[in-house]
Amino acid sequence: MNVTLWGTRGSLATPGAETARYGGNTSCVGVIGDEGTVLVLDAGTGIRGLGKTIDASVRRVDILLTHLHMDHIQGLGFFAPLFRPDLEVRIWGPVSSHISLRERLMRYLSPPLFPVSLRELPCMISLHDVPCGEISIGEFRMTAALVCHPGPTVGYRIVDQRGSVLTYLPDHEPALGASAFPSLPLAWTSGGSLAANADLLIHDSQYSAAEYVNHVGWGHSSFKDALAFAALSDVKHFVPFHHDPGHTDIDIDRMMKEALAEITPACRITTALEGATFQI
Amino acid sequence: MTAKSIQIILARQLASSIATPILLVDEQNALIYYNEPAEHIFNQRFDETGEMPAAEWTTRFAAVDEDRNPIPPKDRPMGRALSEITPVSRTMWMRVTGGEWRHLHVTAVPLVGEKGLLFGAMSIFWAV
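Chains as they are written, first to last, in the working numbering: chain X, 737 to 1016; chain Y, 7 to 134.
The reader is advised that the hints may include incorrect statements.
Going by beta-carbon spacing under 7 angstroms, a handful of chain Y positions derived as facing chain X [unchecked claim]:
1. Met7
2. Ala9
3. Lys10
4. Ile12
5. Ile15
6. Gln19
7. Ser23
8. Glu120
Short, incomplete list of chain X residues facing chain Y, as computed with Cβ under 8 angstroms [claimed, not checked]:
9. Val831
10. Ser833
11. Ala881
12. Leu882
13. Val883
14. Cys884
15. Leu912
16. Gly913
17. Ala914
18. Ser915
19. Trp924
20. Ser926
21. Ser929
FYI, nobody ran anything at the bench for these hints, they're computed from the structure. Even for Gly, the Cβ is constructed at its ideal location relative to N, Cα and C.
Using the sequences and the hints given, assemble the complete structure.
Okay, here's the thing in structure tokens:
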């Protein structure tokens, strides 16, 4: 599968010269299978750029939302393929206790916050509660599970026909409440079953270790904890993702350099860069 | 070891960070965790027993009522919380490791996820 990072920033879109290299668009990752199946992971502002690359021959796109925080849905209304009548768009999102996915998305995709409502979109749109368990989408097998982040939030494990595994955990705090993380086995670690032995892990690394101390419980990880999670999960390639909006490119370079000076990682590490592509 | 759901993982994290004695079981009533305060009540460290099937832990920690009549596992708070999907609270005596009996008030709460999916139950113990 081909994996492209269209938005790598967390929390808030952060355009500008200081963030131009790692990127200012919020979470969005495009996945294209060998047979042409198109998955879109989250609909942050990065989805606008992705939308321009969807070929007219594509007949179906599946958008997998991890959760409905603004930085993961803000770009949805600007995904140009939604305005194609011949395109089937399936939007998947986590279940909530009492309010349907449609109703929760409508809170944003309706006036006065957005001029067009979901029902007015020309494409053939359908909304689906993401089941906790495995389902097939085109050539992919997709597994979702709830993970540690405020509100209903899932992570995804996507496996192609060759057995290559992509794990996407953009907003995830596995260290919360886990004393001396990662002291527990993988089975007792949030997101562990999704990330086990993944070929590519895209994971929340919003904070430095020093910053995390003041953000415990906010649902995000330090780079150090994310790397420990990657090591515990025995992944091959780790992509630190969901950069803090307060971090410039220089800050991110420095954070990674400082963290890696203390740790010898067992896996390959590539800091998430908007536009980066991975073939797995 | 079976991968645990986030609901169970968070329940363990909560239990491991408070001083209230807590025991967790899965939906089959298999014991999957008890915290340090519960270890003091049971006279047994969790690391020494690990996870235990229902038949094993309910035998190891036998329970009787106020009149010293045995309480079968299905009628204990955990068993009822799982079968009736309701919180259950009662006072009982529990035999802990070493043979000593402890007088406890036990409250069991089912852990129910979205769409009514049962993940297990959590028991809280208070010494009477």
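Each hint, compared with the structure:
1. Met7: Holds, because the Cβ-Cβ distance from Y:Met7 to chain X comes to roughly 4 angstroms (cut-off 7 angstroms).
2. Ala9: 4 angstroms, holds
3. Lys10: 6 angstroms, holds
4. Ile12: Result: holds, 4 angstroms to nearest chain X Cβ.
5. Ile15: Where the cut-off is 7 angstroms and the nearest Cβ of chain X is about 5 angstroms from Y:Ile15, the hint holds.
6. Gln19: Since chain X brings a Cβ to about 3 angstroms from Y:Gln19, closer than 7 angstroms, the hint holds.
7. Ser23: 5 angstroms, holds
8. Glu120: 4 angstroms, holds
9. Val831: 4 angstroms, holds
10. Ser833: Holds, because the Cβ-Cβ distance from X:Ser833 to chain Y comes to roughly 7 angstroms (cut-off 8 angstroms).
11. Ala881: 7 angstroms, holds
12. Leu882: 4 angstroms, holds
13. Val883: Since the shortest Cβ distance to chain Y is 6 angstroms, the answer is holds.
14. Cys884: Nearest chain Y Cβ about 6 angstroms off; hint holds.
15. Leu912: Status holds, d = 7 angstroms.
16. Gly913: This hint holds: X:Gly913 lies near chain Y, its Cβ roughly 3 angstroms from the closest one there, short of 8 angstroms.
17. Ala914: With Cβ-Cβ at 6 angstroms, under 8 angstroms, it holds.
18. Ser915: 7 angstroms, holds
19. Trp924: 6 angstroms, holds
20. Ser926: For X:Ser926, the interface hint holds, since the closest Cβ of chain Y sits about 5 angstroms away, which is under 8 angstroms.
21. Ser929: Since the shortest Cβ distance to chain Y is 4 angstroms, the answer is holds.
Comparing the model with each numbered hint stated earlier shows that all of them hold.
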